[in-house]
Structures are given as structure tokens and as C-alpha cells.
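Colleague: So in full-length UniProt numbering the end of the sequence shown lands on 695, straight run, no missing numbers.
Be careful, since some hints might not be right.
Unchecked claim - With a straight-line Cα cutoff of 30 Å, these simulated DSSO-like cross-link-like pairs (lysine-lysine) come out:
id, residue 1, residue 2
1, LYS303, LYS53
2, LYS364, LYS445
3, LYS421, LYS441
4, LYS441, LYS364
5, LYS284, LYS295
Claimed, not checked - Label pairs and their computed distance ranges (CB to CB):
id, residue 1, residue 2, range
6, GLN487, GLN142, 32 to 38 Å
7, ASP337, LEU305, 55 to 61 Å
8, ILE173, HIS278, 42 to 48 Å
9, ALA159, GLU304, 42 to 48 Å
10, SER470, ILE186, 19 to 25 Å
11, ARG283, GLN492, 39 to 45 Å
Think of the hints as simulated: they come from the structure by calculation, not from any bench.
Quick reminder that beta carbons are idealized off the backbone N, C-alpha and C, glycines included.
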Amino acid sequence: MSKRPSESESLQQGVKRQSIQVPLTEYDAAATETWVTCGNCANTLGLVVLATKSFENAVNRDPSNPRALCGLSYSLRLNDISMNETVGSQSAIEKLNASIEAFPQLLKEASIFKELAECYLLIGLNDQAHQAIQTAIQLTPQDASLWLLSAQTLIRAGARSHATGSLTHCLSILPDSIKNFSTTDIETARAAHAELAAIAAADGNIEVSIAELTATLSLPPPPLARLDEHIALWCALATAKERANDIAGAIRACEDAEIGVGTSARILMTHAYLLLLHTEEGRKSAEFTIQLLSKIIDLDSEKELNQNTASDTGDFLPWYLLGRAYSFIDQPRLAYDSYQVALRRASNSPITWLAVGKLYLELKQLPDALAAYSQALRLQMDDGSQGTATAWDGLSCVYERCDDHLEDASDACSRAAACFKVIGDLKNASIFEARAEALAKAFRKEGPVPDLRDPPDVPGFLLRDLVALSPNERMSYIQSQQQQQQQQQQQQQQQQQQEQQEQQRQEQRQQQQLKQQREAEQQQTTPLPIQRQPLQGSPQGPLVHQTQQEMPMHHYQQGPPPPGSQPQQNGTHYFYPIPAGKSPRSAQMIPQLPAPQQMQQQAWSPAGQQQPQYFYQAPPQVGGPLPPPTPQMGPNGGPHRSPLAHPQMIPGGGPYPMTQGVPGAVGGYPYAQYVPIPGGVVPEQYMSQVNNWQR
């Protein structure tokens, strides 16, 4: 079965077949030019799909036409940029390389290599892009757009100084007057000035950045397909002026952008941010700011309605700024509602939690303010952040307003000072260190309590970086942060589970080792059954004494077995063997013990009011030790505890001590520690009742 050719192979075969055919007719040449013109017009209007189809028709008519090939590649790149993909650029690279192989005359076309460099640069192949653009520069060294593209490849490689030289050379070979600029020259100059502005901003030269952005925006506006780039340049100019502390100039830039571009959510957002940047100006222009933000929210609502997306998945920044504006005009309820929407859309943003903490603190809701600042601190635990210092500052303000929390307030100020030291803000670090010392002295009653401070505001640079992004970029950034936090939480949970499992395994191993050690010690220390010897001068009769059975210690520790686990005889249990030929009823039984509670009461009652009770175990059976005692059923059907498990009284004395750990003593037998030594003397307290054990 023959292998199906790929798209590039079929394109190469078609191109080779057409290259062998006769030259194009006048009709085909005219049709090709018509399709190319339609494609350029569609790209100007932002109709990328129609432009792509037009250029494809042109390439089908004339596959060796450089304008048609470059137009098709450009349309595919625009579609990739709008869709955040690279499929079209990869397809364009295959088409261009196949055309170069099929038509050698294209090797002399600099525009083909320029398009190759653009596509390589878009998919991240910087080396291939640099090689392609160098080939194009060798073919036409006076083309300014080629030097611009060379500078962009150098910027991607990190060589900003070399890129600055290429950009300067690019601008130097352009015509002296803007009147003589072609459309390509205008786009080249706009991009070159924008790149120089970005390099200057990265180097910290804000004044040069402002000058380059002003030169960029003084050029004629780009086509509608590149309107977003034009809006981004206006926002960059406003942000640069704000960094230079020219707030009025930044606001004027936003106003000029609204006149030149129209209603743009990104420009309106920057304008509202600048109006709310300072408290005094924010209070004066709060009503106008609310109008601007309402326009943004209406645009977002229409977009969500058209795309049929959830209302809690949009941009959070308009709602945050709206809450800030409401707080400036003393409407805390509306501010709280706006902050809640912002938190639903971006719950992991510490900016909103800092603002909520300030709102609660102004309303004197100290527990809620404490919770909000604590959440903001959990979301940014690195000490190298000014947001972390602001969270500690807010916690200090909360503790200062609480009773008997001056020590906590001093500690929070010390932590804020440490954060300021890390970020290099020595002025604020010294201020917070001095306040921490003053609070500590007040806590020790060595000085007065400092005056209360106003709650800290959200740092402006945190908002500045977010405002500079487009809404889609901002939402992507927030979602990536949420995913990272979820991954970190999952990793922490997995680590905790692994640690718990490992700890359980260690505990099990330790328990097994202890169990083995106890069994080994018991086997070594368990004595043999004690042999009774007749006493001199005592009446002839059986001497009953307790014997210890060779049984593991854990048998006694487990408690009595459940009812029915051992055979019973007529439901009655005896603590001595019954002589042969006698009825069990004729034998005198040992009195039954009272309930455990009564036993405890009797054990603690005075010795003079308690009747002494003696319980002895029967002598060992002939031929072996005694079987374990059978549990006796109590009144409630449960197993009756053995009387030997309770402390027993001796005449005129207290209960025997319950000692454990004595070698040879069986657990549960209170007088096992008094077992007589074989061949020794029996204590008198047992001798007095030896002959009356059945009584």
C-alpha cells in the first residue's frame, strides 16, 4: 500500500509540476494580482480569514509569485497572533521552503527570507531567524525593515546593546521627512521607536523611553488589524509618565488616547487607575472614575453575553478599582460589594485582600480586618515583597487597636521593617524599627503608647504592573497563579500524607520491637510454679497457696475473654477443685464480690468498717498447672471480673499495693509480689488463715 504524501510533499509536487508548465497567461497574471490586492485590503480591514483565502487563490494561480507567498505567510502569522497559536507559522515555513526549492529564482527575493525570519521568530527559533534575516540583509542592505527584524532577533537573544545599534541604523536609513515615508517605512519607524522605548525602560532610563514613545505615537495610526498594538503604546506612554511622577501628563496621555482611539477598556482602565492613585485627587474625581469604570464593566458584560461565559471568570481589576472609588466617597457597602466580585474572580490576589483589610479597619471591624490581612500575608510569604510589608503594617495597625496586644503590634512592625530592609527601602525600615521599639517600651510600661496610625494603602507598583497588561493577559496571569497555588497545595498535602504514613510505619515498627522485647523479657523472667512445703507444727491438711502459671504477659493485659469463649459448668464457678464423689452444691463456695463500684468504695472505706476478705487460688492440679480462670457472668450478662484483679484487704491493714514491673509478678495479682521463696518461711499474715481456706 503506497504511503499518502504529506501536505508539504504534495505542495512540492504541485509546485514542481507547475514550474515545468508553460508561462502564465495574461488572465492568470491578472487574476493573481487581483487576489493579492484583495488579500492586502482584507488585512488592512482586519479580515484575516478572507485575506488568507485570497492569498491562497493567488498562490494557486502563480506559486512563484513572491507577493502572494509573503501575503499568505503574513496572514497566517496574524491569525496565529490572534489565536495564540503557531500552527499557521509552521505551515507558512513549509510553504516558503517548498517554493524556494521548486523555484530557484526566489533565492534572490529578500522578502521571502524576511517572511521566513518572521515565522521563525514567532515560533521561537532565534538561530534560524537570525540566519534568514542575515541572508535578506545581504540581498538588500538598504532595507530598513530588515535591520529592524535583525534587532528584534538580537533582543530575543539578550544582546540589547547590539540591538540598539541595529535600531539606530534602521532609523538612519529612512527618509528625512515623514512626508516621504511609505506605508512600510511608517510601520518600520513605529516598531523601531517602540523597541528603543522598551530597551530604555528596561535599563531604567524613563526619560528616553518617554521620548521614544512620543515619537512612535506621532506617526500616522496603524491599520485596524494592529489597533491593539497602538492602544498598548498609548498605555505604555501613560505608565512611563506615571513612573516619572508626572501624573498630570499621564492623565493627559489617556485623554489624548481616548480621542484618537475611541472607547477602549484598556485605556479607560489606565485612566481610572491614575485618577485613584492618590487619595486627595481620588476623592475629587471619584464620581468621574466610577463613570469610567462603569463603561468598562458594561463592555465586559456585553462580551460575556456574546461569548456565553460565566460572570465570575472575567477581569477582576475593574471591580477592585470600583471598590476603591466607592471607599473614597464614603460608601463602604458599595465598596464591599465591589471587592466581593473582585475576590470571586481572583481570590488569590493579595491586592484585593489588602484593600478589604483597610476597609474593615476603617469600619473598626477588627476581627474581619485581622482575617483579611492574614489572608493577604498567606498569599505572599516572601520577605522581598512590599506587599508583604504592607500586610505586616496592616496587622500592626489592627493589634494597636486591640487591648493588651502591644507586643504583637511591635512584632508586626519589626517584621515589616525586615521586609523593607530586604527590598532596599532603608527609610521605611528605620521608621518601622523605631515604632516597634516604642511599642515594646509601651508594653513594658516604660513609655507612652504611640498614637494610632492610618491603615496602609495598597502599594501603587502592584497595580501598575497589572494595569499595563491587557485584560486577556491579566486573566491568564491570575489563572496561572491560581494553578501554581493549587499545585503547591497538592504537593504540600502529598508531602504531609507521606510524612504521616512514614510516621505511622515508624510507630508500628517501634511497637513491634517493644512487643518483641517484652515477650523476650517475660520468657526470661517468668518463674516456675512454686512447690509447697509442709510447715512444722501445723495441722495436717492441704495448704492452698497461689501459683503462677507459665503464661505470656499479654494474656493478662488483654482482659477477660468474651462470654461463651470458655466452657462453663452449670453456670457456677469455683476457686478450688471439687473432691471426687461430692456434689458441687455441698462444697462451700467463696462469697461473690460486689460490683466494681462497691469494691472501690470498700477499698477506700476505713479499715475498721470493712470486713476483711481473703481469696486464695486452689492448689495446682496433679500433672500440670491450673487452667486460666473462667470468667463469671455478672447480673447484666457481662463477664464478672476476677476478685484477684482488685486490691484486697488484710486484717487491720490497707489494700496491698499494685506494683508493676516486679520480676516474677503477674499483672492483675495484687499480692503476687509477696510470693514466698521455695523453702523459705511463709509470712504470718497467710499462716493465720491456712487451715480455714474453705470457711
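Colleague: Taking the earlier hints as the rules, which of them does this structure contradict?
Modeller: 6, 7
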